[in-house]
Amino acid sequence: MNRARLSLRFRVSAAFGLGLLVVVSVLSAATWHLATGYLLNQRQQSADRHSRINARLVDNEVRTQTDGLGELLSGLTSGPNSTILVSLPGGWHTAGRPVRPEALPSGLLSRARPGAPAHDRFTADGVPVLAVAQPLATATGFYVELHPLLGLERTFRNLRLILVAGTLACGLFGVALGAWAARRALRPLAAFTETAARIARGDMRARLPEQAGPDLAPLAETFNSTADALEQRVRRDARFAADVSHELRSPLTTMTTVAEVLERRRDAMPAPAQKALQLLLAELHRFRGMVLDLLEIAAVDQADNGEERELVDLGPLVRSGVASSPAPHPTLDLAPEPLLVAADRRRLDRVLANLLDNAARYGGGAVRVAAHARNGVVRLEVDDAGEGVPAELRERIFERFSRGLHAGRRDPDSGTGLGLAIVADHVYRHDGRVWAEARPGGGARSSWNSPKRAADAVLSRLPDRAARPGNCRCRVRS
Amino acid sequence: MTVRVLLVEDDALISEALSLALADQGCMVTQAACGEDALSMLDSVSVDVVLLDLMLPGMDGLAVCRELRVRGDLPVIVITARADSQDVIAGLEAGADDYVTKPLVAGELAARVRALLRRAAPVRRCCLQVGDLLLSTHDETVSRNGSPIRLTRTEFRLLAELAAAEGEVVTREQLLHRIWGRDYFGGTRLLDVHIRRLRRKVEPDPDCPHLVLTVRGIGYRAKPQQ
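Chains as they are written, first to last, in the working numbering: chain D, 1 to 478; chain L, 1001 to 1226.
Any given hint could be a false lead.
[Unchecked claim] Computed spacing ranges between beta-carbons, pair by pair:
id, chain 1, residue 1, chain 2, residue 2, range
1, L, R1144, D, E399, 42 to 48 angstroms
2, L, C1208, D, L230, 26 to 32 angstroms
3, D, T331, L, S1044, 40 to 46 angstroms
4, L, A1012, D, G202, 40 to 46 angstroms
5, D, R198, L, D1043, 26 to 32 angstroms
6, D, R239, L, D1192, 26 to 32 angstroms
7, D, L311, L, D1043, 42 to 48 angstroms
8, D, P326, L, E1067, 23 to 29 angstroms
9, L, S1040, D, P270, 43 to 49 angstroms
Hints are computed from structural coordinates only; laboratory data are not their basis. Backbone N, C-alpha and C fix where the C-beta goes; we use that ideal spot for every residue, glycine too.
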């Protein structure tokens, strides 16, 4: 289970490292065996030649029976670490570095045959030696020579060090190679992730760049065609809503027009007809508002070609918007300097109007409208002194047909449930952010942040209902 | 005064209902179901204003609008699909004086018609001047160095409002209210396109205006007299 959680990159690295380690270990072991075997063999052969000649000299000496055996043996030793032992019926004769005959490996002498010397490697008093034993030809006895292997051992040690270090280094290199290869292979996935996230955020036009590699090309192709299908689907749905709204306009025009004619004759009607007409008119009014809002949203869903953008000064726009609003006029808190945003003026008007309308409808009317620029962002705030928006509804109120606490309420004054959704759509289209928050001192505030020119923001405060009764503020931020 | 209206609308139900409602508001309505009918009717019937649906079978509403402009400066109100669509701009560019959007309200439409037919701004002087343009308010004509420039009534009223302010700024709201009887909302394109149309007719270089000047974020002003 842990393995499943390990990242692919880690697993690829580990596989590369282990694989390389195994391969290089096998190679190193083979190298070790071949090299040491060869070197030992060479050493043994030279030791054999050496010992054969020496044994013959000892044989001659023993045959002539002179007393120079000890001297001869001393002369035959080839270095301070070499030892010669000769076993004669009279006992052992040794020369060179003193080694007791008992230290010789058991079985060495018994294996020695004339013409076929016996060999053995062992450590005699701390010195690695190669023992060569052969029987003497003239007497019952053996000639044993211990050749020191200090140099050979040193070579072996170095070789071992190099092989082990090399193997480990190769393992590490394998890990690094695996990490690099995995990162390189996974790099396109980062682009995939980013693109998928953009689509999830609502950017239906996000697509993957075409992949040159044959491995990822099919994935990118599939991804892009899926995104195409999704975009078409979303557009088709949006177009359907737009088409329905468009189709509703004609009958609605006829109905409202005829209802107006009736209304002008209201006084001539009996009371029940008057009441019925009143209901009809109220419903038609709501219906018309809803169709207009739906058309507005349908327009938002269509691609923005940016043609409608112009530099708009938010100050005068707010002043005009507030002055044109039927609600009681709130306090204006506007920055003295021009607040220029690149925006579609009509949409900005609509944002402000809807925020003011929302404040009037649910928050007792806007009490303060502010517009300021801060850190390259223009912020518009609309405050009301109503009961505020509960924290858990502050995001939902910007969804279509969501009416916060007033869901389910239907009377002549209730809204269509689309006003704040239109605000959110327009603000989103201007790369802004809109949010609701509790207003310090009570009521709700909605604020809208919008990039100023290229990177500023406008923000409007919208009245909104918040958690503490009588003390909240709603902010719509774009 | 009875206003004579030519209603060009292909939807028979809407046409009937609007005729009924406009008649109720004191208008005399003549109905036409397509552009060709409307244009031929105008030869025999005299009307004060044309209500023109842009979506017509056969001859396109925009083409009808342009043809009306070629014939004269009969006020035209177009009925467009949407307030924000290119329809509004296209209709105004084609020469319409105002627009209404579906679903429309007859009372509002009647108000549009009345605003359009109102006399030009309270006349303080019979002659106004902007740069080298001479405006005569009693017959609503403009001339430059003696040669007349053809403006529609709405264009003339716009220019006259600016000229009457003698170089002072006239806000967008004031212009929208005085000329179209509209409040601030929804009038943006209306004013922008009319200013553009006006500049094309009176400015030597419309891209670099020096007679009708923009005061960004506030409104417009005419070139002050020396």
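These are the hints, each one checked on the structure:
Remark: the range hint 42 to 48 angstroms for R1144(L) to E399(D) is contradicted by a beta-carbon distance near 57 angstroms. With their beta carbons about 47 angstroms apart, C1208(L) and L230(D) fall outside the hinted range of 26 to 32 angstroms. For the pair T331(D) and S1044(L), the supplied restraint of 40 to 46 angstroms is violated, since their beta-carbon distance comes to about 59 angstroms. The supplied range of 40 to 46 angstroms is met by A1012(L) and G202(D), whose beta-carbon atoms lie about 42 angstroms from each other.
At about 59 angstroms, the CB distance of R198(D) to D1043(L) disagrees with the hint of 26 to 32 angstroms. The given range of 26 to 32 angstroms is respected by R239(D) and D1192(L), whose C-beta atoms sit roughly 28 angstroms from each other. Range check, L311(D) to D1043(L): Cβ separation about 47 angstroms, and the 42 to 48 angstroms hint holds. Between P326(D) and E1067(L) the CB atoms are about 40 angstroms apart, so this pair departs from the stated range of 23 to 29 angstroms.
Roughly 46 angstroms separates the CB atoms of S1040(L) and P270(D), a value that falls within the hinted 43 to 49 angstroms.
Going down the numbered hints, you'll see the structure goes against 1, 2, 3, 5 and 8, while the others check out.
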